[in-house]
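J.: Now for the letters of each chain:
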Amino acid sequence: MKTIQNIILIISIFSIFTTNIAAEQIAVQEITPYTKQGWLCVEIRLNNLFSEKIIGTIQSGLPSIIDVKLKLVKKTNKTILSKSISIEITHNIWTETYTIKRDHHTETVQDFQIVKKKCSSFKIESVIALVRLRQKDEYAFSVKIEINPISSKQSEKIQDWIMDSTPTEVELTSTNRTNVISFNLSKLIKFFFGKKEASENSSKWTISNVFKLNELQHAAHPK
Amino acid sequence: MKTKQLSPYISIFSLLILFFSSEFYPATECIADSQATQTQYLTIEAIAIKGARKTKHETILRYLTFGEGDMIDPRAVEVNYKRLVDTNFFKRVNFSTRPGSLKGKVILIIEIEDRIWPYFEIEGSYSEIEGWYFSPLCLRLDNLFGGGRRNKLRLLFGDRLSGIDFDQYAPYLWGKNVNLNTNLYILSREIIHYFKYSEFQEKRQISQKVGNAGFKLKYSANRGIWKYFSTFYQLEAIFPDSVFEDKENGEKLTAIPAIVEEDTTRTSKGLLGFNLASDTRDNNFYPTCGIWTSFSAEFASPKLGGKLRFERYIFDFRVYQQLFGRNIVALHLRLGSTTASAPFYERFYLGGANSLRGYKGRSLTPVGWGTRLALGNIEYRFPLKHKNYPKHWLTGVIFYDFGSIGHRFANFERQDLRTGAGLGFRIRMPVLGLLRMDIAYPLETRGAELHISIGHTF
Numbered sequence: 002m003k004t005i006q007n008i009i010l011i012i013s014i015f016s017i018f019t020t021n022i023a024a025e026q027i028a029v030q031e032i033t034p035y036t037k038q039g040w041l042c043v044e045i046r047l048n049n050l051f052s053e054k055i056i057g058t059i060q061s062g063l064p065s066i067i068d069v070k071l072k073l074v075k076k077t078n079k080t081i082l083s084k085s086i087s088i089e090i091t092h093n094i095w096t097e098t099y100t101i102k103r104d105h106h107t108e109t110v111q112d113f114q115i116v117k118k119k120c121s122s123f124k125i126e127s128v129i130a131l132v133r134l135r136q137k138d139e140y141a142f143s144v145k146i147e148i149n150p151i152s153s154k155q156s157e158k159i160q161d162w163i164m165d166s167t168p169t170e171v172e173l174t175s176t177n178r179t180n181v182i183s184f185n186l187s188k189l190i191k192f193f194f195g196k197k198e199a200s201e202n203s204s205k206w207t208i209s210n211v212f213k214l215n216e217l218q219h220a221a222h223p224k
Numbered sequence: 375m376k377t378k379q380l381s382p383y384i385s386i387f388s389l390l391i392l393f394f395s396s397e398f399y400p401a402t403e404c405i406a407d408s409q410a411t412q413t414q415y416l417t418i419e420a421i422a423i424k425g426a427r428k429t430k431h432e433t434i435l436r437y438l439t440f441g442e443g444d445m446i447d448p449r450a451v452e453v454n455y456k457r458l459v460d461t462n463f464f465k466r467v468n469f470s471t472r473p474g475s476l477k478g479k480v481i482l483i484i485e486i487e488d489r490i491w492p493y494f495e496i497e498g499s500y501s502e503i504e505g506w507y508f509s510p511l512c513l514r515l516d517n518l519f520g521g522g523r524r525n526k527l528r529l530l531f532g533d534r535l536s537g538i539d540f541d542q543y544a545p546y547l548w549g550k551n552v553n554l555n556t557n558l559y560i561l562s563r564e565i566i567h568y569f570k571y572s573e574f575q576e577k578r579q580i581s582q583k584v585g586n587a588g589f590k591l592k593y594s595a596n597r598g599i600w601k602y603f604s605t606f607y608q609l610e611a612i613f614p615d616s617v618f619e620d621k622e623n624g625e626k627l628t629a630i631p632a633i634v635e636e637d638t639t640r641t642s643k644g645l646l647g648f649n650l651a652s653d654t655r656d657n658n659f660y661p662t663c664g665i666w667t668s669f670s671a672e673f674a675s676p677k678l679g680g681k682l683r684f685e686r687y688i689f690d691f692r693v694y695q696q697l698f699g700r701n702i703v704a705l706h707l708r709l710g711s712t713t714a715s716a717p718f719y720e721r722f723y724l725g726g727a728n729s730l731r732g733y734k735g736r737s738l739t740p741v742g743w744g745t746r747l748a749l750g751n752i753e754y755r756f757p758l759k760h761k762n763y764p765k766h767w768l769t770g771v772i773f774y775d776f777g778s779i780g781h782r783f784a785n786f787e788r789q790d791l792r793t794g795a796g797l798g799f800r801i802r803m804p805v806l807g808l809l810r811m812d813i814a815y816p817l818e819t820r821g822a823e824l825h826i827s828i829g830h831t832f
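Which chain is which? The protein sequence lines are A and B, in order. Numbered continuously in my numbering, the first sequence closes out at residue 224. Numbered continuously in my numbering, the second sequence closes out at residue 832.
Where hints are given, some of them may not hold.
Said to hold, decoys possible - Listed next, the in silico EDC-like pairs over lysine to aspartate or glutamate satisfying Cα-Cα at most 16 Å (straight line):
| no. | chain 1 | residue 1 | chain 2 | residue 2 |
| --- | --- | --- | --- | --- |
| 1 | A | Lys154 | B | Glu452 |
| 2 | A | Lys70 | A | Glu147 |
| 3 | A | Lys154 | B | Glu497 |
| 4 | A | Lys188 | B | Glu485 |
| 5 | A | Lys191 | B | Glu495 |
| 6 | A | Lys188 | B | Glu487 |
| 7 | A | Lys54 | B | Glu485 |
| 8 | B | Lys479 | A | Glu97 |
| 9 | A | Lys188 | B | Asp656 |
| 10 | A | Lys188 | B | Glu497 |
Hints are computed from structural coordinates only; laboratory data are not their basis.
Could you put together the complete structure from these sequences and hints?
T.: Here's what the structure looks like:
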């Protein structure tokens with residue numbers, strides 16, 4: 002009986018730790034679509050964007066990059082639009098200021114709390130022109146966030162390692178030299194069929210509530 | 375001038391090329407790095423490696439281009455991240471930093487997750503001798519004990535090649551700056567000869583099977599002047615078939631030229647080789663400047679364990695130079711010499727996709743194959759699409775090839791020189807890397823040849 006109690010206690014403690022780890026993962030808290038001057042826009046709110054590792058990298062003077070992947074889907078799951086934006090955060094260790102770069106816009110602030118606030122809640126305007134959408138159709142936004150320390154090339158992209166295959170020149174048993182191509186088959190199989198493990202640097206794909214354009218426009222301009 | 379008298383001059387010439395190539399084209403200065411962004415000067419105070427349960431820390435540090443005290447910026451991190459990922463030793467690699475003890479100093483943190491299980495690769499290639507061949511399931515057992523050793527076992531299937539091959543590469547052997555490469559193989563090759571027989575007026579493709587089984591040990595260094603130098607020992611049993619078959623009509627030949635027939639007995643080869651090589655190219659997928667050069671001298675002797683006795687010298691030189699814009703001119707020169715006692719399968723051929731492109735593969739090879747080879751290729755390369763340059767997807771090429779093959783350099787005459795010219799495309803593709811298509815015209819005769827292969831010609 003005592004052994005069983007100990008086992009249950011160990012499992013409970015383990016569950017608490019795993020729950021805590023899961024709680025630290027980046028989460029998309031809220032996705033709010035709205036319209037503005039003939040364009041569909043979206044406001045995104047995030048939780049747990051900055052882990053200790055990311056804060057350490059920024060404080061040391063090297064940048065961190067937030068990659069926002071946004072999709073507009075119809076109710077039938079057909080993707081109408083895919084868009085991605087990058088937000089780069091850099092800390093100048095000498096002037097002790099933080100720079101937030103997004104598209105061609107740069108903002109400099111003194112306090113890291115302001116950086117956290119600005120990057121955890123932001124708007125993406127001009128996603129798509131309203132004239133390209135139907136008023137009565139149902140749409141939803143799907144969002145995924147990834148934050149990488151130092152370089153966004155640290156996130157695994159299938160096109161990188163498929164397109165980066167370069168023939169290697171080798172000697173043969175004959176007097177020839179020739180180019181040999183090699184391709185990691187296990188990696189490809191795992192990418193398509195393997196279990197997708199959650200990463201501490203990225204959120205899952207999160208889908209907003211379904212919305213209709215005429216409802217959004219009515220909410221923006223109530224009679 | 376005999377081969378033995380010529381060899382010291384070739385050696386001195388090669389050393390001079392190696393020295394000057396390193397001096398004039400230091401690899402890091404070829405392309406101005408327009409992508410590097412450095413807004414503040416940061417240096418590495420220490421490197422912390424986390425998560426390495428199998429791989430030794432010194433193995434990981436070996437692949438980095440920076441260390442404690444060196445400058446760090448996002449570009450350098452990208453380069454080193456790719457170097458670690460490309461080893462395929464790890465399931466996950468992540469670089470991050472935290473502030474060091476002083477402003478401007480950082481602690482670099484490398485988090486890794488070891489790959490535990492072996493993995494599979496698909497491999498493939500093409501050459502004029504072996505034809506197209508591939509290994510559908512090449513088993514990789516890399517980094518088994520964390521020391522960075524690479525083990526590869528593959529079954530080969532191809533047009534004119536089949537067999538099994540095991541290769542091990544052990545870098546920094548015993549913690550020293552030396553590497554050992556071990557290769558064991560059992561192969562069967564179909565060699566194609568070109569000669570006339572019976573009532574045929576034109577040369578015919580005559581096939582003969584040759585089996586090879588053996589091993590090769592190659593020893594090389596990592597630092598100092600010794601990194602240009604490697605040596606190898608090869609012991610091989612050779613089983614040439616005495617059956618010769620016309621590839622086109624399947625007829626089995628009864629009368630074979632004596633120069634070919636004398637090499638149809640079973641034999642063995644014990645060979646000691648020395649190689650000097652240098653590579654200062656800026657990159658190997660689209661080199662825009664630099665020199666690649668190699669000189670090898672091989673000696674087979676009964677004293678080394680085999681029955682054959684011959685010497686072979688091969689000099690290979692390539693230079694790349696950027697002209698205006700992104701246009702490149704590239705030059706390749708290959709000289710080969712072997713003694714008359716070398717059997718045909720240890721001699722040289724001429725003609726084909728990696729040789730003289732205006733001619734069919736090996737079609738310029740004399741009966742019994744050549745003991746003297748001179749080959750040159752000049753290419754003018756220009757990107758047709760500039761996106762992602764130098765990893766752009768389409769390159770155009772205009773080329774000119776020239777070459778000669780025979781049995782004596784002293785007997786070389788102008789009419790022995792063969793030339794060809796043409797144009798081609800290099801297409802960057804997923805998985806294959808670089809697909810090559812060349813259309814070439816021989817300048818001494820009529821006709822045209824279309825060649826499809828992998829990678830650059832040189």
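J.: Going back to the hint list, which numbers does this structure go against?
T.: Checked against the structure, the hints that fail are numbers 3, 4, 9, while the rest are satisfied.
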